[in-house]
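J.: The chain contents come next:
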Amino acid sequence: MYKTRLLAALIALISAHAYASGGTSATAPTNAKWKAECASCHIAYPARMLPADSWKRLMRGLNNHFGEDASLNPADTAEILAFLEKNASRRKVEPAPQPAIRITEMQWFIHEHEEVANRLWKDPRVKSASNCAACHTNAENGRFSERELRVPK
Amino acid sequence: MSDSFHTLAKVALTIATLVALPATAQTPEQTLAGFKQAEPGIQAFSAARGEQFFKSTHGGDWSCSSCHTQNPANAGKHAKTDRLIKPLAPSANPARFTDVAKVEKWFKRNCNDVLNRTCTAQEKGDVLTYLLTVK
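Protein chains in written order, with the numbering used here: chain A, 189 to 341; chain B, 4 to 138.
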């Protein structure tokens, strides 16, 4: 009798793991290596924030990642890039020889932050537009809902 | 019946424990020994030399302590993003310098940023020797 229960528990465990690791349409996609490597110095910006070509350019230029060496070994670079490309934004962008790699330059970002006062970007509590967590209290978990905003006064 | 279940449980637990240990885990002292053997002509490591190296700039704006602070037993933060960096001294953070791949990854990056070149095995050994004295 307990063998059936054990089997049921095993199936439940495997299902839970599959749910947690791959994500469904209700949860943001995640990858363990991406999370471990890309959250070292800033939040791991969700893959949907940039189109695939931008991620490609960014991941191939990690030796000079916005002024710093963030290089990875080839295997890790490939794995992370594959994850990012698979889950990238599908918004149409103007093809360019050098795709934009700053999330803050994306049209959707500019539109979403139109009403943010300029002085806020320079506020020492914010420091930079790339510091999502300054206002997006759940950015660490990839959640940017307006309901979880707390803008410094 | 319950005997075979208990045996199965013990075996599963042993395997789970073994799998949980990272394949490249070693002590900081073993990492230090690795530096000593890495290049010919290595002199005895010096904590004093390592401390000076750690706290000095090397032609650029940053020193190691710009992010890892003047007291590496404390948590530091990224000089640009303010991201929290766990303490570097093994006394405060026992995971430090136990994963060779991780050690080499961060030396490669950070020496490139701070010194604009790779650090020598001598320099790495001096720095780790210093960090091992930090309580």
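It is possible that part of the hints are untrue.
As the list claims (entries may be wrong) - Calculated pairs, DSS-like style, for lysine-lysine (alpha carbon to alpha carbon, straight line, at most 25 angstroms): (1) B/Lys80 <-> B/Lys39; (2) A/Lys221 <-> B/Lys111; (3) A/Lys315 <-> B/Lys39.
What the hints assert, rightly or not - Where chain B lies over chain A, by a calculated footprint (3+ residues, C-beta under 8 angstroms): (4) 232-242; (5) 255-265; (6) 292-298.
Unchecked claim - Per the computed footprint, the stretches of chain B lying under chain A, defined by three or more beta-carbons under 8 angstroms from a beta-carbon of chain A, are: (7) 34-48; (8) 111-121.
Rather than coming from a laboratory, the hints here were simulated on the basis of the structure. For glycine and all other residues, C-beta sits at the position ideal for the given N, C-alpha and C.
J.: Taking the hints in turn, state whether each one holds.
T.: Each hint, compared with the structure:
1. This hinted pair does not check out: B/Lys80 and B/Lys39 have alpha carbons roughly 30 angstroms apart, beyond 25 angstroms.
2. Pair hint A/Lys221 plus B/Lys111 holds up; C-alpha atoms about 19 angstroms apart against a cutoff of 25 angstroms.
3. For the proposed pair A/Lys315 and B/Lys39, the alpha carbon gap of about 42 angstroms is over 25 angstroms, so the pair is violated.
4. For the stretch 232-242 of chain A, the stated coverage by chain B is violated: 0 residues have a C-beta nearer than 8 angstroms to a C-beta of that chain, whereas at least 3 were required.
5. Requiring three or more residues with a Cβ within less than 8 angstroms of a Cβ of chain B, the coverage given for the stretch 255-265 of chain A holds, as 7 such residues are present.
6. Remark: the stretch 292-298 of chain A is not confirmed as covered by chain B, as 0 of its residues place a Cβ nearer than 8 angstroms to a Cβ of that chain, below the required three.
7. Restraint check on the stretch 34-48 of chain B versus chain A: 0 residues with Cβ-Cβ distances below 8 angstroms, three needed, restraint violated.
8. Against chain A, the stretch 111-121 of chain B contributes 5 residues with a C-beta closer than 8 angstroms to a partner C-beta. That satisfies the three-residue criterion, and the hint holds.
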